[in-house]
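Engineer: I would like the entire structure built from these sequences, with the hints used as guidance.
Protein chains in written order, with the working numbering: chain D, 1049 to 1297; chain E, 40 to 328; chain U, 1408 to 1736; chain R, 2 to 255.
It is worth saying that the hints were derived from the structure and are not from the lab.
Hints may contain errors.
To be verified - List time: in silico DSS-like cross-link candidates among lysine-lysine, alpha-carbon distance up to 27 Å:
hint, chain 1, residue 1, chain 2, residue 2
1, D, K1281, D, K1294
2, R, K155, U, K1650
3, E, K220, D, K1266
4, E, K220, D, K1122
5, R, K18, U, K1548
6, U, K1426, E, K159
To be verified - From chain U, some residues computed to sit far from chain E (all C-beta separations above 10 Å):
hint, residue
7, E1486
8, F1491
9, L1599
10, L1626
11, P1643
12, S1718
13, L1728
As the list claims (entries may be wrong) - Each pair of labels, with its calculated beta carbon distance range:
hint, chain 1, residue 1, chain 2, residue 2, range
14, U, I1437, D, E1206, 47 to 55 Å
15, R, T65, E, G213, 53 to 61 Å
16, D, R1180, R, Q228, 35 to 43 Å
17, E, G64, R, T65, 24 to 32 Å
18, R, E248, U, I1723, 53 to 61 Å
19, D, M1295, U, L1552, 52 to 60 Å
20, E, P278, R, S19, 51 to 59 Å
21, E, G64, D, A1179, 27 to 35 Å
22, E, P278, U, G1499, 40 to 48 Å
For every residue, glycine included, the Cβ atom is placed at its ideal position computed from N, Cα and C.
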Amino acid sequence: MELALQVQDLTVRYGGFTALDHIRLELEQHTTLGLVGESGSGKSTLARVIAGLIAPDEGQILLGSEELRKKRSKEQHKQIQMIFQNPDASLNPRHTVRQILAEALLFHRIVDRSQVGRRSTELLDRVQLEARSLDKYPHEFSGGQRQRIAIARALSVEPSLLIADEPTSALDVSVQRSVLELFHTLRTELHLTMLFISHDLGVIHAVSDTVAVMRQGKLVEVNTKDEFFIRPKHEYSRELLSAVPKMPR
Amino acid sequence: MNTTTHLDPSLPESGKTLSTLRQIGKTPSLLIGIIMFAILILLALFIPYLSPYQPSEQNLSAFLQPPSSAHWLGTDQLGRDLFTRLLYAARTDLTIMILAEIIPFCTGVMLGMISGYYGKWTDRIISLITDTFIAFPFYLIVIIVAFASGAGERGIYITFILVGWIVFARVVRGLSASFRKQEWIASAQTLGLPGIRIILRHLLPNVLPQAVVVLMTDMIGLLVAIVTLGYLGIGIAPPTPDWGTMISDGQPFITTAWWLSAVPGFAVVYTGIALSLLGDGLADIWRKK
Amino acid sequence: MMNSKRTLTGAAGHNGSYKWLILALVRALIVILCVMTAVFFLIRIVPGDPAKMILGEYSTPEALKNMHHTLGLDLSLWEQFIRFVKMLFTQGDTGNSIIVGTSSRELIVERAPVTLLLIGIASILAIVTALLLATVAATHKDKLLDHLIRIIPAITLGMPVFWVGILFILLFSVRLGWFPVGGISEGGLGTLHSLVLPAVTIAFSQIPTLVRSLRAQMLEVLESEFVVTLRAAGIPSRVILFKHVLRNSALPTLMLLGVNISYLIGGTLVVEQVFGIKGIGSLLFTSISNRDFPVIQGIALYCALAVVIISLLIEIISGWLDPRTKENQ
Amino acid sequence: MTTQPILEVESLTLAAKSQEKLVHNISFSLERGESLGLVGESGSGKSLTLRAILGLLPRGVEQTGGTIRSKVSSSMVFQDPRGALDPLCPVVKQLTEVVYYRQKTTHKAARTIALELLERLGLPDSLRTKDRYPGQLSGGQCQRVVIAMALACKPGILLCDEPTTALDVTVQQQIMDTITSLQRELGFAMVFVTHNLAIAANLCSRLVVMKQGRMIEHGETHRLLRQPAEAYTQMLIDSVLPLPELEGGRTSWN
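Structural biologist: Below is the structure:
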């Protein structure tokens, strides 16, 4: 298996506070790494550093065999796309879906100007939205639909790594389920490589191949999904797993 | 009606114009504001055809007359028709008010976006400039500059280019800084869009509505400043009609012909109410979206 | 109960408590330096030769040269600046008045008390009235009283402060004879009495923005969850209103007051003119018509310093009232 | 065992000022010491129902029908612990105020009672000497203060509006444990609102399932989970994503 992403000794500090403490992490091609942790564990910071939104203080990131530096090229930007938690804020409220998708497609020259409409419809179809959604504004959609649009936008530039930062946490349970199913379909159909962040162990169990646990800026455990949920290596992982409320039998 | 169309940043296409019109109808404050402002503008535009008098036409045999059918608002100490002068003054004052806002509005919005979007040192430097300028009482600067650059409109334009942008910069900076934390800006950044493009294509349409609302209030302040300068004798030079000089000309007759000073003041208040309602109405519409 | 007894999160540790204060002081200091520089350039950015403005179009070259020397305009810009800064730091002055010959600082200090008194009374009036109106409006949301109070800003925003002054004189002094028509009477109570109308005029121009902001803030706080918690816990409404709601909504309004103080001072200068009060405002207009540049510079400087210092004080007060300010730094 | 219910909600209907119905015809009752779960997604009207029982409906919402009969006082614990505390008032002072007005004691006695409550809820002793602002406490600690404020009213019914949703899983577990043990000790009844059926199932003996303002199913917890009558209930059950059994057993929860 080839490595899609390698993170080496990544460190981020804010003043005296260490948000990320020498993180080392590897992600194999066409697999999904589930990253769990409680609030303040640094999981979102890690995602933002990999996506190039925050510059790390130390360490390096390799995408394939290419090192990602502070100033990324257009092509490197294209390779990593991200989906965010809050569906109310993840789309520009004053752009239509058409504008949102066209901007991504045209900026990275994915298709010709003449092909933009057709491709946008295809993308919406991928995330199970109707073509007539194109001329609507974000506030006309429900939270789950907006999250689908965000996924379509991220996929539109054909990235080699997709980061999803708590994409279902703000959604109602029924909607959460259908978005998770969408992720599952996309994973099998498109062979996506994905970094999936959640505080919800149930969600992580549903989408991941590998699980990584973070706590207070440090990586506590990396394990295969099957091992992790039955025989976690670290005491903290066990504590997390036992705290999940379960249905009585 | 074109007062609103050119203020609406979303540039409605034909389909949207209808819904925009419907929204205006549903927002009484906006509707009243538009009507009040439109009446004023129309009267000011057509006053040469409406009035038999000239603004500076003196008639010493009929001075200080109370309102009558010949002179709707009476005459001043030189026998000039107050109503005619009032609307010619509206032409002067409103033109300056609108023209003087253009450059400050653009620079203020731009600097505010840059400051709020880039943060860090850019923000600190721009904030330092803002803090320095805002330390000088607006009227103090207006008075000094207006005086030094000679009476007339020039002082107002210079002062306003100098300090008028601050209000917009402050509001827009705050907005931009809060938008910056929102995820749609982050996703534009993950696409690799350059900063200037994010500012112009993403931030601008989002900060513009609020900036226009502020513009409405700010125009009231500017109009009041123009009038104040006229009153102090360092604004619009006579014989060009202006509400401020009209108020100060009438002040000696305040006990006998109080309306000479009161009426031009009410004209300013009227304009203020119109712009206030316009601003409130626009804010209402945009808040609902 | 596991680790719930762990230490309190040290978000605002003791060591960092005063950092925000120092930062605020440093920033104010830098702004003051910028203000000084701005005052220096104030008469230099304006087109035209100051000496010519003072002496008039038809002055002799000889007289112009002398005036350049008096104003220090014959030196290089840099030397002028050094001289200016030196004088500021040693004497707190911007030079002697060209007309009277005495120090600008002394002229300003002599006129300052009445202006400061006016600003003080006006601010207190404005704050008290705004608090009252906003509380009434917010607690009667969407009722008649609220609508009435909400209309006030729309109407008063466009009222030129000098015009309001004129109308007040007409009504309260000329018609009703309650107050003197202008000027300041001597003696403690007499002075206060003659300051009432001008102070009301200035306050009148400040109230609309304050009411608007305070009402909006109060409504936001009244809707917030903690008010529901306190209500649910059975705390009497007046305690919630005065102890919790007002305090929470006062902070943003305090900030607004800091921004507005500059307008307040500017308005005072104009109002003094209307009421014939011999304060800083009348000094400004005399100096302007005499083209007395050092005094004009002095007034600009001291007004700006006042604004910076008052803003700093407001920042310190709100920082002291609000524990969150300290954490954000 | 049929004792007198302490709370009876009968065909409760709530509507917005615009006449839009928000909650239709909800009925249930609660007995002394009992726990009832109200489950549903956002917009189901479960929180509004709770506010109606508390007697503090949000501005613009009115009760247009039905009755709420209650023999005892109730107090409430909210979803966002930070939002539920005045950010400018230190927590001990805030709690003391509640004790003072609610239990009609002297100020000094109120403070003693407040400190005892805080200690019982597992807040650090250092609060005795140095009061803290809500912003200086963690989310879990804030929620404990909110619970203390609710308990200071000596409620017969504790109304909980998603009290753990904003918290981390480990903290959630601690808060749930605290609530359970307090209930055992003080014997108050509880109405617990949540979207998470697993939490409700662990705490409550009876459940009411709500959807878009209507009550679609109710009954004894175990029966409801085994044989849900409605597809919506089944969906809620399925939405609790399954986790494999942990080897070596779980450290807590029943």
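Engineer: For every hint, state whether the structure bears it out.
Structural biologist: Going through the hints against the structure:
no.	hint	verdict
1	D/K1281 with D/K1294	holds (21 Å)
2	R/K155 with U/K1650	holds (24 Å)
3	E/K220 with D/K1266	holds (25 Å)
4	E/K220 with D/K1122	holds (22 Å)
5	R/K18 with U/K1548	holds (14 Å)
6	U/K1426 with E/K159	holds (18 Å)
7	E1486	holds (23 Å)
8	F1491	holds (16 Å)
9	L1599	holds (24 Å)
10	L1626	holds (14 Å)
11	P1643	holds (33 Å)
12	S1718	violated (8 Å)
13	L1728	holds (21 Å)
14	U/I1437 with D/E1206: 47 to 55 Å	holds (49 Å)
15	R/T65 with E/G213: 53 to 61 Å	violated (41 Å)
16	D/R1180 with R/Q228: 35 to 43 Å	holds (41 Å)
17	E/G64 with R/T65: 24 to 32 Å	holds (30 Å)
18	R/E248 with U/I1723: 53 to 61 Å	holds (59 Å)
19	D/M1295 with U/L1552: 52 to 60 Å	holds (54 Å)
20	E/P278 with R/S19: 51 to 59 Å	holds (57 Å)
21	E/G64 with D/A1179: 27 to 35 Å	holds (32 Å)
22	E/P278 with U/G1499: 40 to 48 Å	holds (45 Å)
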